[in-house]
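J.: Put chain Y on the given structure of chain P with help from the hints.
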Amino acid sequence: MQFRAAPLLPLLAATLFAVPASAQMDHDQPHCAALSELPAPLASWRTPSALQAAVDRKGAAARAMLTPGQAVTAALRNTPDVAYSVRPAKPGGSVSYGGLASFTVKEAGTWRVALGSGAWVDVVKDGKTAVSVAHGHGPDCSGIRKMVDYSLQPGRYTLQIAANGEDKLTLLVTRLP
Amino acid sequence: MLAAAGEPWRWDLPAGVEPPLVPAGNAMSAAKVELGRRLFYDADLSANGTLACAGCHEQKRGFADGNAMRPGVHGDPGRRNVPGLANVGWLPRLTAADPTITSLEAQALVPMFGEHPVEMGMKGLEAELPRRLGADACYRRMFARAFPEQGGRIDPGTVAAALAAFERTLISLDSPYDRFRAGHIDALAAEAQQGFGLFKTLGCSVCHAGRDLSDAQYYQLKPAEPRDTGLAEKTSRAEDAGRFRTPQLRNVAVTGPWWHDGSARTLEDAIQRHRLALPTASIPPLLAFLGSLTDQGFLTDPRFAMPDRACGRKL
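First to last, the sequence lines map onto chains P and Y. The first sequence begins at -14 in my numbering and counts up by one. The second sequence begins at 288 in my numbering and counts up by one.
Keep in mind the hints are simulated off the structure, nothing from the lab. Possibly wrong hints are sitting among the right ones.
Pairs of lysine-lysine residues, derived as DSBU-like cross-links and limited to a Cα-Cα distance of at most 30 Å, are as follows [stated by the list, open to error]:
#1 P/Lys43 <-> P/Lys110
#2 P/Lys110 <-> Y/Lys347
#3 P/Lys91 <-> P/Lys153
#4 P/Lys153 <-> P/Lys110
#5 P/Lys153 <-> P/Lys113
#6 P/Lys43 <-> P/Lys91
#7 Y/Lys521 <-> Y/Lys410
#8 Y/Lys601 <-> P/Lys153
#9 P/Lys113 <-> P/Lys43
#10 Y/Lys601 <-> P/Lys110
#11 Y/Lys487 <-> Y/Lys509
#12 Y/Lys521 <-> Y/Lys509
#13 P/Lys110 <-> P/Lys91
#14 Y/Lys487 <-> Y/Lys347
#15 P/Lys113 <-> P/Lys91
#16 P/Lys43 <-> P/Lys153
#17 Y/Lys521 <-> P/Lys113
#18 Y/Lys347 <-> Y/Lys601
#19 Y/Lys347 <-> P/Lys113
#20 Y/Lys410 <-> P/Lys153
#21 P/Lys43 <-> Y/Lys601
Taking CB as the label site, the calculated pair distances span [claimed, not checked]:
#22 P/Ser21 <-> Y/Arg562: 36 to 46 Å
#23 P/Lys110 <-> Y/Ala496: 43 to 53 Å
#24 Y/Val493 <-> P/Gly54: 52 to 62 Å
Backbone N, C-alpha and C fix where the C-beta goes; we use that ideal spot for every residue, glycine too.
Next comes chain P alone, as it looks inside the complex:
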């Protein structure tokens, strides 16, 4: 199968690809002399709040809640300490970092998870992983390395982060216009 550029949201000036289930891409990064401007849905990327990621789903629901549209710098956990609801397709090794957080979808639509690394990401509800509808990298020189889009219905979701090389990760969950 080949990837085709998805006709999604060109205003975000990023490269996205329609994808099969669970596919996520990683890309070489450009050399940047200056930071790029960010479109409105990603505007909070450079002013992240702090968040302590949880080690399990219950902790994510109680204490690691994401506000849609607000980027966070998540303090991640040692991977061996994390109990994922669904085993990630690409689990990290014992020396990597991961964690869980939760967010609420109030309005159905396309929701984007943006990451500052190539970590593996899953959106989980009722023990099932949401199927991504597009993925790609962020705008060049934005610091956003990876973006994965999902078509989500209203409800409470768990965000799983796996296989991150650092113990901190900037991320953002946002609804696309």
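T.: Same frame as chain P, now just chain Y:
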């Protein structure tokens, strides 16, 4: 389930197919294959625990990757497109442009410890393998059963040997093309049969030769580029600049993007780069033929998937 030590390996091959050659020092065993499979999916084989072999070699893509090239764990740019792994046990040459790497044992060390480019980033971290894997009691048992002669030693050599044993089991011989070759004429649709005919008459099969559709020789199809001079990088011969190994075509329809640098985003583009005078009408049948090389059973075979248990416990 933990494979018993010394349990002989039984090849699961169609009639008339000889198993791949196995190095004398790395005899196949069920224990070694089981260990190699677990290691293949373990990101602890990379410097920061973020990249397993399977991170780039995805089963659903014929153990290739969906990226043109892939950055390493420290962000170093990739240099070449990830190849699929179907039938690698039979391949006489295992990389795009290094004729010195002729065993899977040697090849497995390249992504782990190589520096051109840095991929998994383990150069200088050799001691991390026994430290990380040896901290897991199940791994210690698996190495002991797989390598009784070495006392279950955990080091780059045994890790590479187990990975190679697993990779030799990645056998793809049940595509429609295989069934057609075995005499089941209906296995190929008419258009694919037409494409197979064109594949031969146009000369594609001169280089994409044999059962796995590669002669393992090196050719130049585009002008050499300074960023990657291909075979010349190893031979230092000017005439080898821009020469790359003929890729095998097993599951080629799912291994894109194509070309040694992943620059061909469609199979048609890859075909057109062969400098053949192709009539437009030949493209659909050629694509149909290439599609017939997809072995769906191989792409979903649970024996090759990420294991979910080891030593009787859930991973």
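J.: Look at each hint and say if it fits the structure.
T.: Checked hints:
| no. | hint | result |
| --- | --- | --- |
| 1 | P/Lys43 <-> P/Lys110 | holds, 13 Å |
| 2 | P/Lys110 <-> Y/Lys347 | holds, 24 Å |
| 3 | P/Lys91 <-> P/Lys153 | holds, 28 Å |
| 4 | P/Lys153 <-> P/Lys110 | holds, 24 Å |
| 5 | P/Lys153 <-> P/Lys113 | holds, 26 Å |
| 6 | P/Lys43 <-> P/Lys91 | holds, 20 Å |
| 7 | Y/Lys521 <-> Y/Lys410 | holds, 20 Å |
| 8 | Y/Lys601 <-> P/Lys153 | holds, 28 Å |
| 9 | P/Lys113 <-> P/Lys43 | holds, 16 Å |
| 10 | Y/Lys601 <-> P/Lys110 | holds, 22 Å |
| 11 | Y/Lys487 <-> Y/Lys509 | holds, 22 Å |
| 12 | Y/Lys521 <-> Y/Lys509 | holds, 19 Å |
| 13 | P/Lys110 <-> P/Lys91 | holds, 14 Å |
| 14 | Y/Lys487 <-> Y/Lys347 | holds, 28 Å |
| 15 | P/Lys113 <-> P/Lys91 | holds, 19 Å |
| 16 | P/Lys43 <-> P/Lys153 | holds, 21 Å |
| 17 | Y/Lys521 <-> P/Lys113 | violated, 48 Å |
| 18 | Y/Lys347 <-> Y/Lys601 | holds, 23 Å |
| 19 | Y/Lys347 <-> P/Lys113 | holds, 20 Å |
| 20 | Y/Lys410 <-> P/Lys153 | holds, 24 Å |
| 21 | P/Lys43 <-> Y/Lys601 | holds, 21 Å |
| 22 | P/Ser21 <-> Y/Arg562: 36 to 46 Å | holds, 39 Å |
| 23 | P/Lys110 <-> Y/Ala496: 43 to 53 Å | holds, 50 Å |
| 24 | Y/Val493 <-> P/Gly54: 52 to 62 Å | holds, 58 Å |
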